[in-house]
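Enquirer: Take a look at the letters that make up each chain.
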Amino acid sequence: MNEIKDSKKCLQSWLERIQEKRPLLECLTNVVTINDVANVILACGASPVMADAADEVPDFVNIASGVIINVGTMQNRGSYEIAMRYAQEYGKPVVLDPVGVGAAKARTTLTTALLRRYPCAVIRGNASEIRTLAEGAGETKGVDAAVGDAVTEETIPARLAVVKAVANRWHCTVAMSGAIDLISDGKVSYACRNGVPWMSNVTGTGCSLTGLTGAFAAVAEKSEMAEAAAYATAMMGMAGEAAYAKAKSLGLGSFRVYLIDALSTILEQDVQPRLELL
Amino acid sequence: MNEIKDSKKCLQSWLERIQEKRPLLECLTNVVTINDVANVILACGASPVMADAADEVPDFVNIASGVIINVGTMQNRGSYEIAMRYAQEYGKPVVLDPVGVGAAKARTTLTTALLRRYPCAVIRGNASEIRTLAEGAGETKGVDAAVGDAVTEETIPARLAVVKAVANRWHCTVAMSGAIDLISDGKVSYACRNGVPWMSNVTGTGCSLTGLTGAFAAVAEKSEMAEAAAYATAMMGMAGEAAYAKAKSLGLGSFRVYLIDALSTILEQDVQPRLELL
Amino acid sequence: MNEIKDSKKCLQSWLERIQEKRPLLECLTNVVTINDVANVILACGASPVMADAADEVPDFVNIASGVIINVGTMQNRGSYEIAMRYAQEYGKPVVLDPVGVGAAKARTTLTTALLRRYPCAVIRGNASEIRTLAEGAGETKGVDAAVGDAVTEETIPARLAVVKAVANRWHCTVAMSGAIDLISDGKVSYACRNGVPWMSNVTGTGCSLTGLTGAFAAVAEKSEMAEAAAYATAMMGMAGEAAYAKAKSLGLGSFRVYLIDALSTILEQDVQPRLELL
Chain X
1058 MNEIKDSKKC
1068 LQSWLERIQE
1078 KRPLLECLTN
1088 VVTINDVANV
1098 ILACGASPVM
1108 ADAADEVPDF
1118 VNIASGVIIN
1128 VGTMQNRGSY
1138 EIAMRYAQEY
1148 GKPVVLDPVG
1158 VGAAKARTTL
1168 TTALLRRYPC
1178 AVIRGNASEI
1188 RTLAEGAGET
1198 KGVDAAVGDA
1208 VTEETIPARL
1218 AVVKAVANRW
1228 HCTVAMSGAI
1238 DLISDGKVSY
1248 ACRNGVPWMS
1258 NVTGTGCSLT
1268 GLTGAFAAVA
1278 EKSEMAEAAA
1288 YATAMMGMAG
1298 EAAYAKAKSL
1308 GLGSFRVYLI
1318 DALSTILEQD
1328 VQPRLELL
Chain Y
1058 MNEIKDSKKC
1068 LQSWLERIQE
1078 KRPLLECLTN
1088 VVTINDVANV
1098 ILACGASPVM
1108 ADAADEVPDF
1118 VNIASGVIIN
1128 VGTMQNRGSY
1138 EIAMRYAQEY
1148 GKPVVLDPVG
1158 VGAAKARTTL
1168 TTALLRRYPC
1178 AVIRGNASEI
1188 RTLAEGAGET
1198 KGVDAAVGDA
1208 VTEETIPARL
1218 AVVKAVANRW
1228 HCTVAMSGAI
1238 DLISDGKVSY
1248 ACRNGVPWMS
1258 NVTGTGCSLT
1268 GLTGAFAAVA
1278 EKSEMAEAAA
1288 YATAMMGMAG
1298 EAAYAKAKSL
1308 GLGSFRVYLI
1318 DALSTILEQD
1328 VQPRLELL
Chain P
1058 MNEIKDSKKC
1068 LQSWLERIQE
1078 KRPLLECLTN
1088 VVTINDVANV
1098 ILACGASPVM
1108 ADAADEVPDF
1118 VNIASGVIIN
1128 VGTMQNRGSY
1138 EIAMRYAQEY
1148 GKPVVLDPVG
1158 VGAAKARTTL
1168 TTALLRRYPC
1178 AVIRGNASEI
1188 RTLAEGAGET
1198 KGVDAAVGDA
1208 VTEETIPARL
1218 AVVKAVANRW
1228 HCTVAMSGAI
1238 DLISDGKVSY
1248 ACRNGVPWMS
1258 NVTGTGCSLT
1268 GLTGAFAAVA
1278 EKSEMAEAAA
1288 YATAMMGMAG
1298 EAAYAKAKSL
1308 GLGSFRVYLI
1318 DALSTILEQD
1328 VQPRLELL
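Taken in sequence, the protein lines are chains X, Y and P. Per the numbering used here, residue 1058 is the first one in the first sequence, and the count goes up by one each step. Per the numbering used here, residue 1058 is the first one in the second sequence, and the count goes up by one each step. Per the numbering used here, residue 1058 is the first one in the third sequence, and the count goes up by one each step.
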């Protein structure tokens, strides 16, 4: 494994861009983790709006620098198409989180239909969700990745092929989250080895990473989307490592609090991006 | 009071069952405490899905091991009947939380109608809510129990009669939460003396207990439902005691965090189930 | 600046009134911060209900001592008019939070229409939102105040004129939150200098203040509304100061937890109201 050198400096320069621009993100997200997503976006220096009513989305996409669509609870599904249409019209990057795609037909169909019609800057999901988008069908257990889809050192080549297939099919960057994260725009590909298992024991770490990716995407050039997604992924994993170091003797409630602490102070934390160019 | 012996070992064996099976719980719950419910379910080793759209509920009930219905905010009420119908068809236990029943007509009517038509494994609510289900009408102050409904050592016999009446009427286990908790399936009855008053000073402890009860119910045989609900109730109260010990000099924000900490590490906490067979 | 003397004793007497009456607040609020709003209301000794379905709102307004309407996510907008109508009929004070008014047409139009038809006890918002209500149009960046609207020592007279104009136009108390908060009913006016910048780096401090203001308004006489809103504002800022002292070396996750801690123990915290009669 050849980790990228000076990656913490590179992360710092991404965060400086975010804190300089303070991008507004229009977020259509689920009601389970909506508060975490807003706080994570604030913690990195960006600004969230979660107004998802169909007649308001165009106004908010217009003033935003990026759009997040997370299909977790689908109660606001009528606004997804509107948000993607206006994002296309106004040239704002969309980060899509296909939560639970593969587990229920309605969301699989809807997500695929959206991808067919509108451009997307980044798709971020777990291995089962990304595989579903590659194959048009998949097996997931609720909103968690199926065990058989896990990314290990041995399965990196096979999983990366899936990531690239989805990236090429939809002309976007794809970030597959797991024990090892894989990120690719079809040409440039990254593996990220940050993170801890506890991150899947609190709800919202995936949705929060999608929010963080939205902040990075909102300050990225089109050609930088894979790098943006890779550094957002690394930052989330680093925060998990820093939080775990403090919370492991306490429990999951403290872990969640320290995650936000770590995100808001990530450059001062004693953790490093563990990114490899594949 | 004759506390059940070896009750902590018994709780441990329930938790081992949950962590072995990692049951998926399809949760139709309120938007106020939805995040807490998800985190509590994760903290005990189960897995939550909160997707409540009518056209997705059948798919999720199908892959789930149990169903939770909490009528707290009613925004998803159109899905309750679908969830209970499919739970009956697929043989999944339903845990129902009749939040605020008695305080507004719409929810009283709807909840009673659901109970008339579909089986329920456990009903968990406060004393005013359970009394409303027994009498068809009741008096509650919002979502908290009325003072006149409090369970004290003196009122145990009268309150237990109400619990048993509801259990017998709907052929299910009933868990009435309060200073003393009463749980009964009409034959086997428990009193639980765990918990601290601060638990009613943060929102969501009742909803969280409903989630926890769902995890226990999902790994229980039908004949064990009262025991499952009793141990879930004890575990929540124990977590409250452990959290209060750490948070009492700090405040309610810390208390809420330590509650989740304690739930995720309950066997290591210096607290015991205080369960009595009545 | 002439700070009001004995202001902490005055805050104490407000809190005693709240804890004596334990007012029930019917809250129609946004889904992003709904949990925080409920917990803040509980932390000061009042009791929240967030049931927002149109057919239930009349029942809950009837048993409540006050009503909160926060237009943050608008998913429950069909209930606003019902809540305000029944609040008028039953004589319950309404606290309105015009979140994001000025940023999207739909909410500006709706909020203004509500104010034209129904009485409101307190409007609480940021400078851009209040200016929009004064001028019928405004510029905001999402849900945060525009930089040009900031309240500084120099701009107090100009901003206070806006606050008074809105108060006089809608015959209510107006609380404009910012680095310096301005509160007026058109006759009595306050400046509040409590608070810390971190309060705008976590989501929900504005919504939480609206909830807190609802608790104070629910125990206030009509003639005391400006004082009620001023002390609620001071209490929120004091909690921010106390939380920042503990969290500044940790991060934003801890800050949010300590905010609730401080609200639930505000009289024991080493912070003072910094209120001035203008």
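Just so you know, the hints here were simulated from the structure itself, not pulled from any lab data. A hint or two may mislead.
Given that identical chains are not distinguished, each listed pair holds provided it fits within a single copy or across any two copies.
When the alpha-carbon atoms are kept at most 30 Å apart in a straight line, the in silico DSS-like pairs for lysine-lysine are as follows [stated by the list, open to error]: (1) 1062 to 1244; (2) 1303 to 1062; (3) 1244 to 1305; (4) 1303 to 1162; (5) 1078 to 1305; (6) 1305 to 1065; (7) 1303 to 1065.
Enquirer: If a hint holds in the structure, say so; if it doesn't, say that too.
Expert: Right, here's what the structure says about each hint:
For a Cα distance limit of 30 Å, the shortest separation of residue 1062 from residue 1244 inside one copy, 20 Å, qualifies, whereas the shortest one across copies, 63 Å, does not. In the homo-oligomer, the alpha carbons of residue 1303 and residue 1062 lie at most 30 Å apart inside one protomer (27 Å), although the nearest pairing across protomers, at 36 Å, exceeds that limit. Taking the shortest Cα distances, residue 1244 and residue 1305 never come within 30 Å of each other, neither inside one copy (38 Å) nor across copies (42 Å). Taking identical chains as interchangeable, the C-alpha atoms of residue 1303 and residue 1162 are never at most 30 Å apart, the minima being 40 Å within one chain and 45 Å between chains.
Proximity of residue 1078 to residue 1305 under the C-alpha cut-off of 30 Å is restricted to the inter-copy arrangement: shortest distance 24 Å between copies versus 35 Å within a copy. In this assembly of identical chains, residue 1305 and residue 1065 lie within 30 Å of each other by CA distance both inside one copy and across copies; the values are 25 Å within and 23 Å between. For the homomeric pair residue 1303 and residue 1065, the shortest alpha-carbon distances inside one copy (21 Å) and between copies (28 Å) are both at most 30 Å.
When each numbered hint is compared with the structure, violations occur for hints 3 and 4.
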